[in-house]
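Take the given structure of chain A and dock chain B to it, following the hints.
2 protein chains.
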Amino acid sequence: MASAAVPEVTAGRILVTGAGGFIGRRTLAPLTRLGFEVHAVTRRSPEVPVTEIHTTDLLDTTAVEALVTKVRPSHVLHLAWYAEHGLFWEAPQNADWVHATCALARAAANHGATRFVGVGTCAEYDWSDGGSKLRLESDNIAPTTRYGQAKARAHKLAGDLFGSGDFVWARLFHLFGSDEPQAKLVASVIADVLAGRMPGLKAAGAVRDYMAVEDAGVALAQLAAGSITGAVNVASGEATTIGAIAAMIAQSLGRTDLAPQLGEPGDPPIMLADVSRLRLEAAVAAPSTLRALLARCCQDTRVAN
Amino acid sequence: MASAAVPEVTAGRILVTGAGGFIGRRTLAPLTRLGFEVHAVTRRSPEVPVTEIHTTDLLDTTAVEALVTKVRPSHVLHLAWYAEHGLFWEAPQNADWVHATCALARAAANHGATRFVGVGTCAEYDWSDGGSKLRLESDNIAPTTRYGQAKARAHKLAGDLFGSGDFVWARLFHLFGSDEPQAKLVASVIADVLAGRMPGLKAAGAVRDYMAVEDAGVALAQLAAGSITGAVNVASGEATTIGAIAAMIAQSLGRTDLAPQLGEPGDPPIMLADVSRLRLEAAVAAPSTLRALLARCCQDTRVAN
Chain A
1 MASAAVPEVT
11 AGRILVTGAG
21 GFIGRRTLAP
31 LTRLGFEVHA
41 VTRRSPEVPV
51 TEIHTTDLLD
61 TTAVEALVTK
71 VRPSHVLHLA
81 WYAEHGLFWE
91 APQNADWVHA
101 TCALARAAAN
111 HGATRFVGVG
121 TCAEYDWSDG
131 GSKLRLESDN
141 IAPTTRYGQA
151 KARAHKLAGD
161 LFGSGDFVWA
171 RLFHLFGSDE
181 PQAKLVASVI
191 ADVLAGRMPG
201 LKAAGAVRDY
211 MAVEDAGVAL
221 AQLAAGSITG
231 AVNVASGEAT
241 TIGAIAAMIA
251 QSLGRTDLAP
261 QLGEPGDPPI
271 MLADVSRLRL
281 EAAVAAPSTL
291 RALLARCCQD
301 TRVAN
Chain B
1 MASAAVPEVT
11 AGRILVTGAG
21 GFIGRRTLAP
31 LTRLGFEVHA
41 VTRRSPEVPV
51 TEIHTTDLLD
61 TTAVEALVTK
71 VRPSHVLHLA
81 WYAEHGLFWE
91 APQNADWVHA
101 TCALARAAAN
111 HGATRFVGVG
121 TCAEYDWSDG
131 GSKLRLESDN
141 IAPTTRYGQA
151 KARAHKLAGD
161 LFGSGDFVWA
171 RLFHLFGSDE
181 PQAKLVASVI
191 ADVLAGRMPG
201 LKAAGAVRDY
211 MAVEDAGVAL
221 AQLAAGSITG
231 AVNVASGEAT
241 TIGAIAAMIA
251 QSLGRTDLAP
261 QLGEPGDPPI
271 MLADVSRLRL
281 EAAVAAPSTL
291 RALLARCCQD
301 TRVAN
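So the sequences go chain by chain: A and B. All residue numbers in the first sequence are consecutive under our numbering, ending with 305. All residue numbers in the second sequence are consecutive under our numbering, ending with 305.
Next up, chain A with everything else stripped away, as it sits in the complex:
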């Protein structure tokens, strides 16, 4: 593997929206450590000291214009969005936040900001193949929810409105944290295990990338300070199954008796190859889809029988 390049880090005055939220509050300490003067837009008191707290209503474009005129940030990290657990997927508020994101990007560009980090989602991608490959930032965008569609639109529209400045679109995958809503996976499994119940899982075999929200906060701060532009997946790079997460939690809490059974012992849940050498160095082309190849195999078997 190539070793990671040391990125150019440029701190300045950063406006952080959603700064009191699940993710936002984890960006404040890393941003401060990176040398930023942090202006936090939030109605909650941050747990770490920041330069100034603003309680601006971000859906009010006049107020946003006034805020940006006053702060004159060099950087914007925009996390605010409608995020009510379970409701945000199809909420009409998603459209309001596309508009608010555009207004913020335009105001920031007009008042001298040179770098804008917006937050997108894995739900922007086309998953109709069932997720058979790791998602690259350049892959097809085909969101099926209002939330995913709104984020994809915000990426394009706000990116255009930010003009010649550096625009970054951080696509978050699955996050967890100790203060997540009780209905979310990790919180609900911890609650079940602490109560002595077998965790109730809807799709134990589903394969996901779960990142600790603290790591997402650090990554977003680094993206704000860095020089990369365009879409960037923000995820751990570690694949796991929902069932394996529940088992790890049960083990961590000393209740292995409440760990879900994970198939055959000794049989790894996931066995996948990195095929970069085969494709790029040996230039062996990708085969047809598995679906097409299985159909041919079924046909051949029928003919032979």
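Honestly, the hints are just simulated from the structure, not real lab data. All figures in this text were calculated on a predicted structure; none of them were measured in a lab. It is possible that some hints are incorrect.
Stated by the list, open to error - Here are the simulated DSS-like pairs of lysine-lysine, each with C-alpha atoms no more than 27 Å apart in a straight line:
id : chain 1 : residue 1 : chain 2 : residue 2
1  : B       : K156      : B       : K133
2  : B       : K202      : A       : K133
3  : A       : K202      : A       : K184
4  : B       : K202      : A       : K202
5  : B       : K184      : A       : K133
What follows is chain B alone, placed relative to chain A:
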């Protein structure tokens, strides 16, 4: 993504062992198309014309020496191994085939061969993490079966014995084909569905890379003709679950009523990010393991309650 380099292709006189086997017979036509003069070691009549068929006992090192002296191959593609379904994992014969592979590599080098392609397995890798990342060729080797251990030993020993020649070690992942043993996954699901039975699956959620054996044959032929050296994963690059394979087969055979239920509708079985940009371009470090992070989250939740 970088576009695939066009590799230098060099055909010559190739000795193919295991040429009548499940994989080997699929290498003969591609090798011929690439311009090779094919000497096939097999006791079965190949389905495609080859230059010469040899019925040499490869466990007899004297016979192997005589064969190589006679044929004087420029290339060797060595597929022969003990492969009895279900038995090969722990069979004592694995040790015999390490020895045979070494004898063949030494004889080939002594008689002018310049390129040797041996066949390894995904079972050489350390899977104790449950497979949470795509396996790179440079990843830890820690086989837990006699078969995996023997293949890993053959790689090292035969590679050393082949000396200064080009030595390639093709690590195959999961393969399927219409003539595979009835007990293997695809054949058994096809048989179940054709008989009108629900497929019996042991680990429906297990995530695997299944490659059509015909594609493996083409890939091995290209590796023989190419210039890449060292270990190379040979796999499709497409992730799937055992349950999804059964569902695709049932659909392909027009029996959607026999397709296993795959969790929530609309919920992709796999959602994973390529994090190359984040790691290499944005230089954001990899987080701790999910296990450690979940343990911390459990601790934080307990403290908060």
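Original post:
Within a Cα-Cα threshold of 27 Å, do K156(B) and K133(B) meet the stated pairing?
Top reply: holds, 24 Å
Original post:
Regarding the pair K184(B) and K133(A), is the alpha-carbon distance no greater than 27 Å?
Top reply: Roughly 24 Å separates the two Cα atoms, so the pair holds.
Original post:
Does K202(B) pair with K133(A) here, judged by a C-alpha cut-off of 27 Å?
Top reply: Holds - the C-alpha atoms of K133(A) and K202(B) are around 24 Å apart, at most 27 Å.
Original post:
Between K202(A) and K184(A), does the CA-CA distance stay at or below 27 Å?
Top reply: Within the cut-off at roughly 12 Å; holds.
Original post:
Are the Cα atoms of K202(B) and K202(A) separated by 27 Å or less?
Top reply: The hint holds at about 19 Å.
Figure legend: structure checked against the earlier numbered hints; every hint is met.
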